[in-house]
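Spelled out from the first residue to the last, the chains are:
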Amino acid sequence: MQETEFEARIAAGETIEPKDWMPERYRKQLIRMMSQHAHSEIVGMLPEGNWITRAPTLRRKMGLLAKVQDEAGHGLYIYCGTETLGVDRAELIDQLLTGKAKYSSIFNYPTLTWADIGAIGWFVDGAAIVNQTMLAKASYGPYARAMIRICKEENFHKRQGYEIMATLAAGTPGQRQMAQDAVNRWWWPSLMMFGPSDKDSPNSAELTKWGVKRKGNDDLRQRFVNLTVAQAKAIDLVLPDPDLKYNESTGNWDFGPIDWDEFHRVVHGDGPCNRERLESRNAAHREGEWVRQAAEAYAAKHVAAA
Amino acid sequence: MDAIHDLCLRLADDRLILGHRLSEWCGHAPILEEDIALANIALDLIGQANLFYGLVGDPDQLAYLREAIEYRNALIVELPKGDFAFTIMRQFLFSVAALSQLESLSQSPSKELAGIAAKAAKETRYHVRHATDWVLKLGDGTEESHRRAQDALHALWRYTGELFDRNHVDATQWRKTVTDVIQKATLKVPEDGYMQRGGREGRHTEHLGHLLSEMQILQRSYPGAKW
Amino acid sequence: MSGNGQWPLWEVFVQPPGGAPFEHSGSVHAVDAESALQNARDVYARRGEAVNIWVVPTAAITASTPEDQGPFFEPGNDKPYRHPQFYSSPRGVRV
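Residue numbers (the numbering used here), protein chains in the order written: chain A, 1 to 306; chain B, 307 to 533; chain C, 534 to 628.
Okay, chain A solo, but in the shape it has when bound:
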């Protein structure tokens, strides 16, 4: 009975708020999806953070630092949103650090040159925007609201990345080569960010039924490709797909086959940087323990005294 009412609310486009009745599975799916999203933001700080100290101008230095800071903020918004579902942030962090929770596999790739920073902003944030714009209409209030806030901030990330790539592509031969090489390495993993085809994706059906996902993975991926092809042409960089071809009848850019073996391999721990990313997060957590304890001890002393 409650389940039927719940589904009617979803169908009517109503927003579900933290104290509303919800099926246990809805709650669990959202916790999984939201915490995975938050973890991705946090881990995402690492490949980009790798270039802050080497950013080549003051403007780029500040831009990149602000971007990585935003990512921390996004992680925070989403963790807080997840907590409204009755789970502690500490528990979620523990799942990330022990490898029990997933995060977007794109962040298991290394940033080898400054151009990688451009490619990430352009492709990875670009893909994220396509995904998050859809999620801004998700049925769960706190998630949708976090997405709206994030979408506002994310636009600057993508523009910054694209501007970096445009500058490199118009620069010295060495810079052009750097840019093209980064495109070659980041393009396919970025397409994989949207996940496998919905028919191969175990969670898609439920999430769609409950208004959390409103568009399929393939639809979103296609949208991203369509947007990006023109952008690449405009700055004279070549997307590494010989099968990329405009389809007159659908109006879409058809693209080549994705190597799903690579995707699954990376998701399951054998990407270039999986271990490093996790060790880095664990180190920060471990080395920060005494700091967190100090804050707690101080607060306890001063509450007692108050």
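Do not rely on the hints blindly, as some may be mistaken.
[To be verified] With a straight-line cut-off of 27 Å between C-alpha atoms, the simulated DSS-like cross-links for lysine-lysine are: (1) Lys158/A x Lys28/A; (2) Lys233/A x Lys102/A; (3) Lys233/A x Lys100/A; (4) Lys158/A x Lys532/B; (5) Lys215/A x Lys102/A; (6) Lys199/A x Lys233/A; (7) Lys490/B x Lys301/A; (8) Lys233/A x Lys137/A; (9) Lys199/A x Lys28/A; (10) Lys301/A x Lys482/B; (11) Lys532/B x Lys301/A; (12) Lys102/A x Lys152/A; (13) Lys532/B x Lys233/A.
Think of the hints as simulated: they come from the structure by calculation, not from any bench.
Chain A is fixed; fit chains B and C onto it per the hints.
Same frame as chain A, now just chains B and C:
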């Protein structure tokens, strides 16, 4: 004119190098909220550096194409970031002095300098507040945090003398402010000993060379390129 | 968050510039009010979105429940006197 030129370089170099050190924490801070807070402060400082550089020349040229020997920052800002206690303590000691200096410079007859200093003072007020809160929490937290905070104070103290050289900083007021907070944090103010100097004359520690190698690598590798 | 300790949750309310009302922005974890305020400012107000910030321990908030939604909020079409349209005024007079 020379005096203003030197002053602006000192102000800018202090902030760029300190901002750079703070930015090293990004993604590695003890709590997510602190990743955001330290990045904020770093951004403020690098922004201020950019403005002060702008008063004397091309900021990127000054930041990326000078050698260590040409840098005019105080030694205290170039020291490696250390542990969180070291970072916080350094931020605290520097920011209290910086606030005093910037407030004074806000009255400068040079309108441009005064304007930048006033904006920077506003930001620095917040840096002082943030650092003070953590000095208290670390000093009066656990035994371990207390020890680390005290160790940081001892390591940093010999670099504080340089903060008052040829500056518009009231050393007495600085000492009083700093002593109040340190004591409230149940820590001890270190004895004044020999004060290390040289940064203002371009005689730096070994640390600055490594910092600049990293910071300047792309501009050095691709001379004349645009980014 | 270290495993042992308590990092209470605080709800953050931000007042945008221009005399607008306070809005709920989200939450932060902090050990005390001072760091909650600083965290809130760093997380929710670094783009100039705020002239004022309130932080309130989540535990201090008393909220209506979904069950309340009907009777608690129903204006009742039987109380039209709460709405300006109920009242008439002489022609030509702005009230």
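Run the structure past the numbered hints and jot down the numbers of the failing ones, going up.
-> 1, 2, 3, 6, 8, 11
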